[in-house]
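Student: Okay, here's what each chain looks like letter by letter:
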Amino acid sequence: MTNELITASAADLAARLAAREISSAELTQACLDRTAAVDGVVHSYLHVDAEGALAAARAIDERRAAGESLPTLAGVPIAVKDVMTTKGLPTTCGSKILEGWIPPYDSTVVTRLKAAGMPILGKTNLDEFAMGSSTEHSAYGPSRNPWDLDRIPGGSGGGSSSVIASFQAPLATGTDTGGSIRQPAAVTGTVGTKPTYGGVSRYGLVALASSLDQAGPCARTVLDTALLHEVMAGHDPMDSTSIDAPVPAVVEAARRADVSGMKIGIIRELTGDGFQAGVQQRFDEAVQHLVDAGAEVVEVSCPSFTYALAAYYLILPSEASSNLAKFDAMRYGMRVAPQGIDDPSAEQVMAATRDAGFGDEVKRRIILGTYALSSGYYDAYYGSAQKVRRLIADDFTRSFEAADVLVSPTAPTTAFAFGDKIDDPMAMYLNDIATIPANLAGVPGMSLPSGLAPEDGLPVGFQILAPAMQDQRLYAVGAALEARLLSAWGAPLLHSAPDLTAAGKGA
Amino acid sequence: MSQATAEATLPFEEALAAYDPVLGLEVHVELGTNTKMFCGCATAFGAEPNSQVCPVCLGLPGALPVVNEKGVESAIRIGLALNCEIASWCRFARKNYFYPDMPKNFQTSQYDEPIAFNGHLDVELADGSTYRVEIERAHMEEDTGKSLHVGGSTGRIHGATHSLVDYNRAGIPLIEIVTKPMTGAGERAPEIAKAYVATLRDLLKALAVSDVKMEQGSMRCDVNLSLMPKDSTTFGIRSETKNVNSLRSVERAVRYEIGRHAAILSSGGKVTQETRHWHEDTGITTAGREKSDAEDYRYFPEPDLVPVAPSTEMVEALRATLPEPPAARRKRLQSAWGYSDLEMRDVVNAGLVDLIDETVTAGATPAGARKWWSGEIARRANDAGSDVPTYAASLAVTPAHVVELESLVTGGRLNDAMARQVWDGVLAGEGTPTAVADARGLELVQDTGALQAAVDKVIAANPDVAQKVRDGKVQAAGALIGQVMKEMKGQADAAAARQLILDTLVG
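So the sequence lines, in the order shown, correspond to chains A and B. full-length UniProt numbering numbers the first residue of the first sequence as 1 and each following residue consecutively. full-length UniProt numbering numbers the first residue of the second sequence as 1 and each following residue consecutively.
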């Protein structure tokens, strides 16, 4: 029974909760039991709130028993990426500098989860301040890929991807600045969406790069992702960049799963060279499935994508260097006294704290950004990067005239092993080559599994990109592909992942 | 550790014989909006420290700013009143630097895209001439918190054992108004500086956008000054004297800096580009932070805010709300009231324009209003170190009191001397003029019997004078009138007494 509850889809669980076949308390307990059994080896969580989650679950059960009409996902538990503020629960962003900080307020996303009646299981691991593609930059140690514990679960949202891939939670939230939802989904065989920029409120999301950050849903199926997307999205007056328009009909699109007559554009620059053979193979097969489902395939060219990575690594560090300035030991978080100074000034305390509290990758990007914004360099770096950004947006606009959605592999490779790229930042950055353009242009993107690479037996991600505010197209295409793949595979891909409880016992 | 030693200065006339001053003024105005610039916190002055704060103005991780529309409207109205162009599209920018009282370690300000630019303000000088001050720009920004340095003797950071920070002020909307360099002012530079700040203060008051209280810091002035040799057109190196916070100080600071710069230049030295602290008590400036061009705020467009794009309709609607410019209003009122230039200047300098306007509107004569507000009460206000409007408000003396007092005179109940006694009573808090007159038994004697008796008595006692009057020397009656008034203890109408004397003696 327990095993079946933790592997069921959120949509299925929601239906059974609504029919009162199961209670939220028993479902939440099942998730917590699973965490107790496997998180010792997977390390998805930085903080588990068993008491809070169960209290919220019981409250929902009582309201349901009282006959109250509840939102669709009421009672379905969720894990929250530890970059979103949670009132009364620690929020560390994977950094030592925020160790012990308890936010006095909820992020808008968390407020919406609570309003939807979703118990919050805990806070998931991430690369420090969401800077990374592997969770190896978390100050609290990496999360592990349930498919192979020696491999990365993706990043920055490796805690959220592994928490659902290891069946500790049916749903999780993510944030995606350059691929932090989609790449972890790809390497763990799960689904994740980065909505249109402005589609989900950023209020309470600890900013990495304000103009690129976007929160979104993580789940095991396309429909579950859509259900969570609908809960998270919508206009928020607390976020000036939030779009004041109705949320695209993502759930409806996921249920219809109809691609007949749609034009699917293959991005020439994001296939072939540089992509692992098995990744390319599964991509080609997925495209064929879409053709079989009635879609038409065209090829598009996005020449400016070549410069996307360079532009991204100027814009992101620039904004991050300013966003992270607030961590100064004056009002919250860590405070370190400088060594060998009797009566330190505020500035000396700030410097000592930032030195001790930030990890190497964070320091690297702060230094890069500080340099790029400096007088005399601004035009050459930040200014040029903004121009490239404009050109990339133009590439998208032109391509979307020829195609309804664009597709590519989500990441060039399957999950790499721990340590493979940690000392080579450029190699690490290149892992995001296919996901970054969507953030620069603000358009929505999804990753869903397209199978296992034959050479290593690890999951491969298929990326779909749509025009801004056309998020529903991701779900139409994603659901259609998922249905075809599921019937080809005979069972969900994750069912072929290793048994973690055996590994847990061994550890 | 106060080391406010005065530097060498050249006498003012000597300095101006050799150099031309170039003056620039930067004025910061706190807007009187009910809420802060980027959050909903209250802005009341003098509240309990850190009682008007929230995640946004404390710079807590995850919080985001939202622009206060009222703040933008005020900025546009100020820009229009200063004859500026209004940007149809502009952005906020981040000014990055670390300081404990700045919650985010960047100030949200405007950089190269101010909301208002290219304006002017005409300033009237004491000799009746007008100087046009060109306005470079007026831009929106947020105030910082306030540091209180504890344990030292001076309240400055040197010698303090610790500092306290009050963030109530953090995020209060500010408008910074920057002049273009003012040249050709010569020896009038100090007067022009003072007159500009005074004119600006009146204008902002008339706009009702700020309470413009220099002593409370809601209007703060920085004085930029440089000298160039008389035959040169190349600007010298400037000093920036911060927080010159009274009209008198503005004038003194300009005068002092002219003398200081001249002393340095005439001895072959080089002025240091730096900020200077103004010392109100000693009337000197001392060196602050050295400000080289290397100081780098790493400005970049604020990605958390959308651009401000006021429509033409909005700007025109705001233009329609502008009050009559103070200078034009003064001209109109002077002509309506029939005051001489000298009378009007006295009234303006005493800050009585509004009070007299209200009093005349309430029914008093312009002459009466001027007489009562600039007499005894002005003397007392001056003794109390206050101005008449503030002093009158503290005594609860109103324009209605003046109207009532005047009507008691014109109605024949009081003569002028009695009216003065009544006004003293009103200022002493004894009640309305009627109540004071009643309580003090002040009333002209209207009973002709008593007056006739007094006249007869005086004539009998002064047969020589009486004979002169009978002989046609009417002016001799004056001596008799004085005695009659004395006989009546002042409570007679002198005109009535005169008539009665003439009637009795001449028939």
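To be clear, the hints were calculated from the coordinates, so they are not data collected in a lab. Please read these numbers as outputs of a predicted model, since none were measured by experiment. Heads up, the beta-carbon is just placed ideally off N, CA and C, and yes, glycines get one too. Treat each hint with caution, since some may be false.
Interface residues of chain A toward chain B, partial, derived using beta-carbon atoms under 8 Å [claimed, not checked]:
#1 V291
#2 K326
#3 Q348
#4 M350
Student: Confirm or reject each hint.
Tutor: Hint-by-hint comparison with the structure:
{"no.": "1", "hint": "V291", "verdict": "violated (40 Å)"}
{"no.": "2", "hint": "K326", "verdict": "holds (5 Å)"}
{"no.": "3", "hint": "Q348", "verdict": "violated (11 Å)"}
{"no.": "4", "hint": "M350", "verdict": "holds (6 Å)"}
Checked against the numbered hints given earlier, the structure breaks hints 1 and 3 and satisfies all the rest.
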